[in-house]
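Visitor: The residues making up each chain are set out below.
Protein chains: 2
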Amino acid sequence: MPRAADGGGAVASGWRETVHMEVEMAEYMTITVDAMGGDNAPEAVVEGCLLALGRGAGYRLQLIGDEAAIRRILTEHGYKGDRIEILNATQVIGGDEVPTKAIREKKDSSIVRGLSLLKEKRTDAFFSCGNTGALLTGAMLIAGRIEGVDRPALAPMIPTGRGFAMLIDAGLNTSCKPVNYEQFAEIGSIYMKTMYKIASPKVGLLNVGTEENKGTEIVKEAYGRLAALRDINFIGNIEGRDLTDGKCDVAVCDGFVGNVVLKCYESIGSYIKFGITDVFRRNTRSRLAAALVKKDIRAFFKQFDYEEYGGTPILGVGGSVFKGHGNASAKTVMCAIDCAVAFAKTSVLDQIRDRFAVNALAGEL
Amino acid sequence: MPRAADGGGAVASGWRETVHMEVEMAEYMTITVDAMGGDNAPEAVVEGCLLALGRGAGYRLQLIGDEAAIRRILTEHGYKGDRIEILNATQVIGGDEVPTKAIREKKDSSIVRGLSLLKEKRTDAFFSCGNTGALLTGAMLIAGRIEGVDRPALAPMIPTGRGFAMLIDAGLNTSCKPVNYEQFAEIGSIYMKTMYKIASPKVGLLNVGTEENKGTEIVKEAYGRLAALRDINFIGNIEGRDLTDGKCDVAVCDGFVGNVVLKCYESIGSYIKFGITDVFRRNTRSRLAAALVKKDIRAFFKQFDYEEYGGTPILGVGGSVFKGHGNASAKTVMCAIDCAVAFAKTSVLDQIRDRFAVNALAGEL
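Chains as they are written, first to last, in the numbering used here: chain R, 74 to 438; chain H, 74 to 438.
Hints may contain errors.
[Unchecked claim] So, partial list: chain R residues that the calculated Cβ filter (under 8 Å) puts toward chain H:
(1) G313
(2) L361
(3) I370
[As the list claims (entries may be wrong)] Subject to a maximum C-alpha distance of 20 Å in a straight line, what follows is the list of computed PhoX-like cross-link-like pairs (lysine-lysine):
(4) K418/R / K194/R
(5) K346/R / K368/H
(6) K367/H / K287/R
(7) K367/R / K293/H
(8) K266/H / K174/R
(9) K368/R / K287/H
(10) K320/H / K293/R
(11) K287/H / K346/R
(12) K368/H / K367/R
(13) K346/H / K367/R
(14) K287/H / K250/R
(15) K368/R / K346/H
(16) K346/H / K320/R
(17) K174/H / K287/R
Worth flagging that the hints you see were computed from the coordinates, not collected in a lab. C-beta: ideal position from N, C-alpha, C; glycine also.
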């Protein structure tokens, strides 16, 4: 991809824009970013946007938030391009606010504004590291569910021995009905097939054992529904350990289990990385050892770095919504924007719509 | 502790018995072991028993299973002591058998025989690596629940940044009522206080967020019950990542969540260990690095080695029942027997009985 420097570039790795892109602005895809979301906002978010623009072409960004603050950061980084539009928002939803109340009352917050743009089809995707509950609630209330989808889901990628797998749902629905598991399997399969070109994604039902009769009554019923789906590659029940083994591409579970598992994954990975680093720092011998292998060790742990996975899609809502970590760094924001761009370029949303329109017609719901 | 060799000792690390112990046989504690349980039985189980006897005093072992096979293994290892009694059992419950059916029909299996001895107070503890479902079901049906305990629980230890914590329940009850969480907290606290001398064990409720209003309706109600317990050190909701951080000593959850988390823990730990080992084996440089730090790296990963934790207690039943991994090695069996001995020496069971007798009197159930 041909790229030309543009004079700015105070961000560590520098950012560049293609000359080609500057010309065809009108045809650009638009990604809207909540500049005020997360512990490190707006600095990390704006810097992440610059990093993303520097390596990705074909889109422009809309940053919603405190215009003066955003402009100041852009100036600090010497940004002079025109791929960033700033939309001033006078309100911010704090991390502790009650989601439904915040969404209802703070109409001029970056989250409500961004989701409204999505609903009005004035942007192609919305990304926020802000109040998770408000983003999820807002996504459902403002962007709305795709017709036929009973419950949207949060669907992060987790590292496995064979790459990564989708965990769906990871926190949107603490309780699920059997139909929800079925829909998560369908939505997850479409996503993995389209985003990652996996011909026939293996779907596993996260359970306490591999036998068919395991689990709660709801999970047992979910098993029956999944087994009855003709065009889903259902491999049966999987256990916690099968996630790491890479036995499936889509692990289906309720949002309570998924949320706990996701947080365990992140923390065990970083806990071990920390422990190993500590061993390498102990004395002269260990520091010498570190010098010999640190590159490979670092590469190995990269898979546990949630920053690499960027944003987590909220699937089943009528638009591309991505959630970032509350403590996202500029790098995470950059990766998330890459993700959002890649997602918005696919037909995943249309495929989900078609799938559930067919389901609705067939009277299956 | 003074120890004297006893002439045998074909097991790798050798086994020894104290002369002192041989004399006071009548006052010994008895630990009953299912010699036929697990993928590596009876060899690994019998070898584990010899290893345990070699380093622990004050008890004798009853091995239940195929007498000829057990005797052959003992002979192979040159065992000539008298701290092992063999009880012949003509039936074995296979790993795939339906628990309730197996317990009902195989009266002469090692699991049913062992649990019956426990019920009749003819042994101090029972340990098995056999069919998990059968052991759990049998523990409840044969050994019986402690009066006032609504649901017993499986309570393994998981590694944390500050040592380890108890995860209760890890698979006995896929669905729980609020009262179960409350009882798990009480039982777990007694265990950690007594077995590990933690003055005021911190109890956390495993949830999807730390705020009080998080989780399912059942978990929210459980929160209220835990918060109302006067003599439990309830620290509130904890998330998946807080387990690794060592935020609590007892993590309370339903058996579905606990089982998935436990298996994730085990597999992520061994997956990373495997990955790091692989890095160290890549080339001459990395092998040199390995030589410099392997001792410390190995020590670090030891905490993820479930073999170290040995057996997992089933708490709330009227006897000391320990469950071992299906693929337990001799070392795991050894550690589990150590655990069972330590447990049987404590007053944990009596304390649980007292606690729930008081609860029952107070009409709280």
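Visitor: Give me the numbers of the hints this structure contradicts, sorted from smallest to largest.
Guide: Hints 6, 7, 8, 9, 10, 11 not satisfied by this model.
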